[in-house]
Amino acid sequence: MAESRRTFLKQSAATVAAVSLTGCAPEAAGARAAETGGDALSRADDATPVPLPAETLRAVAEAVLPDELGEDGRERAVRAFERWSEALEPVAELSHAYLVPEIRYSGPDPRPGWVAQLDGIEKECESRHGVSLSDLGVSGRRELLVRPLADTGPDLGAPENADHVALALAAHFFGSAIAMDICYGRSIRRELCRSIEGAEDEPAPLGAAP
Amino acid sequence: MSRAASPAVGRAARRVVESDVCIIGGGITAAMVAERLAERTGASITVVEAGGRTVALGERSDTRARMLAYGENPWPNDHIRGQTGTGAMYNSMVVGGAAMHWGGAVPRFSPEDFRLRSLYGVASDWPISFDDIEPYYQEAEERIGVAGEQGPPEYDPRSKPYPMPPLPLSYSLERMREWTERTDIPFWTQPWARNTEPWQGRNVCRRCDTCFVCPTGAKYTPDFSFDRLLAGGRIDLVTRTLVRRLRLEPGSDRIAMAEAIDRDAPDEPVEFRAGTFVIASGHAWSSHLLLLSANPRFPNGLANRTGNVGRYMTAHWYLAGFIDLPMRLYPGMFVYNSLLSRRFASPGPLDRYVRHDLRLWESTVGRAPKIMDDDGKLLWGDEIMADWRARTESESTARIRAYYDLLPDRDSRLTLDPARANELGDPMPRIDYRPAQESVDLQEHTIETISGRFKELARAAGGSMRSIGQPSELWEHPGGGCRMGDDPATSVVDRWGRTHDHENLFVVGAPTIVSGGCANGTLTFCALSLMSAEEMENELPSA
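Going down the list, the protein sequences come from chains H and L.
Counting from 1, one number per residue, gives the positions in the first sequence under this note's numbering.
Counting from 1001, one number per residue, gives the positions in the second sequence under this note's numbering.
Since the hints were made in silico from the structure, they are not lab data.
Treat the hints with care, as some may be off.
Claimed, not checked - Okay, derived cross-link-like pairs now, DSS-like style, lysine-lysine, Cα gap no bigger than 30 Å in a straight line:
hint : chain 1 : residue 1 : chain 2 : residue 2
1    : L       : K1370     : L       : K1455
2    : L       : K1370     : H       : K123
3    : L       : K1377     : H       : K123
Isolated chain H, as found in the complex (with noise of 0.2 Å):
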């Protein structure tokens, strides 16, 4: 049990915020939306975080997601990933971890570093290259962003405890429900709350009638 329940929090980190980005369904959106009652998320205090640099996140996110969201796609991506990180709480007491007598907290807030990170790759490739990122070919944001993640090991791990922004970025869309969606190419809609009738049927293929 401690196993499962441990990974299952790690898998899941992340994807409810992402029940809005719907790239490669977005006839389901509404529903989903509907059957989730509205698990937006939001901050218990009043701080305004600061906002990562929206151009420099958006070239990052060229880079790291896959083109086959296409450009609205990607957009909502990035927008789920913008609201997750602005609802996330620093140093929040973590779910139990079984039978361990000692309470966890998550860890202090990695925006400003993710913030001072955009404004560095920035100035990096303005240095480099002459252009902004958004301005740089994909292949050239890879070769800056390759020297930042090449430590990070092979698992995308839990976005909020990602080293570094583009890594997070990629954590939370691909532990997302919808890329597993996306890579089976089936209606999964992993812990969206539905009945238990038809729980026995092959989800069906995306693009289906829900």
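Knowing the structure of chain H, use the given hints to seat chain L on it.
Okay, now just chain L, sitting in the frame of chain H:
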């Protein structure tokens, strides 16, 4: 209802709460006892819980969302700072207890669990048999609301059907079940405390797959029982009040009162006076309270004349692995259902002792997206998706796990830790679990036997073992510390949970078990609590 609270005379301001029954603890076993006594007697009942209320049902969608997004605790502030011990234990102190966090798995123990010495020459027999506890299993299942599939009767004995039909299998589990049918190991569905029909005013499961916080109320949690009893005016629920000591009547071994502190008014102690006291505080805090309550007549703690309080702490360990299957599954359609076999919990005659269950789940191990390929090359966008698809198009992963029972040593023990105190200065519990030597001697044989069965299943699927982990040494579903028995020399309570030393003091549930079995323990803890409640009924005013 309890009788009017009043300040005692002649001492510092002290609130007194009187009732026929005082239940210490607000978790699932307390809920079982309170429900039964409220229905079958006219007794006034007070339930004392150290923690407070947690999020109401209507707010659980929000905390679920944050749990999914950030891994946050969906039951915020469900513990008391500093009120924690050392060793595997729960820190949840809240109305509903650790069962607010549970997944809701409710298998019964097997008949063999109660007769290990008679059948296999190991550990100890319980003072009760499976037949003795069976009606209480059924009662617990009906109170909780259990959905289950009848397994083969020789491995899943029961006198009545499950209260509700089983949860459906997902597409993935259906395919996995077809695979297991190629072996001679029968699998059926794990029973769950989740509704497949409306039950006691609660919803039907909507497979949200976050059973640790169910946003629909389809999974049973003890707060539902307490709310119902409160609405009917049948209990007093005193929250945020920590019981620190039990005190004896002068010149008697009967318990007179429970001394407590109101966490919101720490300068005003609270006395709970009752004719019957019930410790329903789980495997750690029950023994802890008895040890804390030492006095000149019982210098080693209450109920501890023979030195058995805190001993024989028990549980089970597990072995888990992952199987590569040559079939496409779709993980995520109903993660919190699984296949179960209790074939090897009732193994029949054995040359050498080994008993275990088997559970199967779909898994994403080895099938999750990665940012680097096996050669360490960084992947980007479409490459990540292509790599992910290649690993999921025609193959899948199953997780397999076997709980096997540990035979507890007498020195598997909870003690008061002189090095760790709470904010009031009370020493906190320390648990040093230890398997009996006979269990240590059986470990290699156990692992070899279970590993062989894992591999047999993998072969039947035309697949292979991806990995078998090291045996987990986490003591899962722990119990003990106040084990039951007919002989006071080797036990703390009798078969009804009544302490040998104090006629009006009961300990219920997990602390009283003799051995940990090879199944999740909650239903057994509940059934034992209901047995205890029946014994209490004889001495309480009738309804």
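Status of each hint after checking the structure:
1. Distance hint between K1370(L) and K1455(L) is fulfilled; the C-alpha atoms sit about 27 Å from each other, no more than 30 Å.
2. This hinted pair checks out: K1370(L) and K123(H) have alpha carbons roughly 29 Å apart, not beyond 30 Å.
3. Annotation: proposed proximity of K1377(L) to K123(H) holds, straight-line Cα distance about 26 Å (limit 30 Å).
The structure meets every hint from the earlier list without exception.
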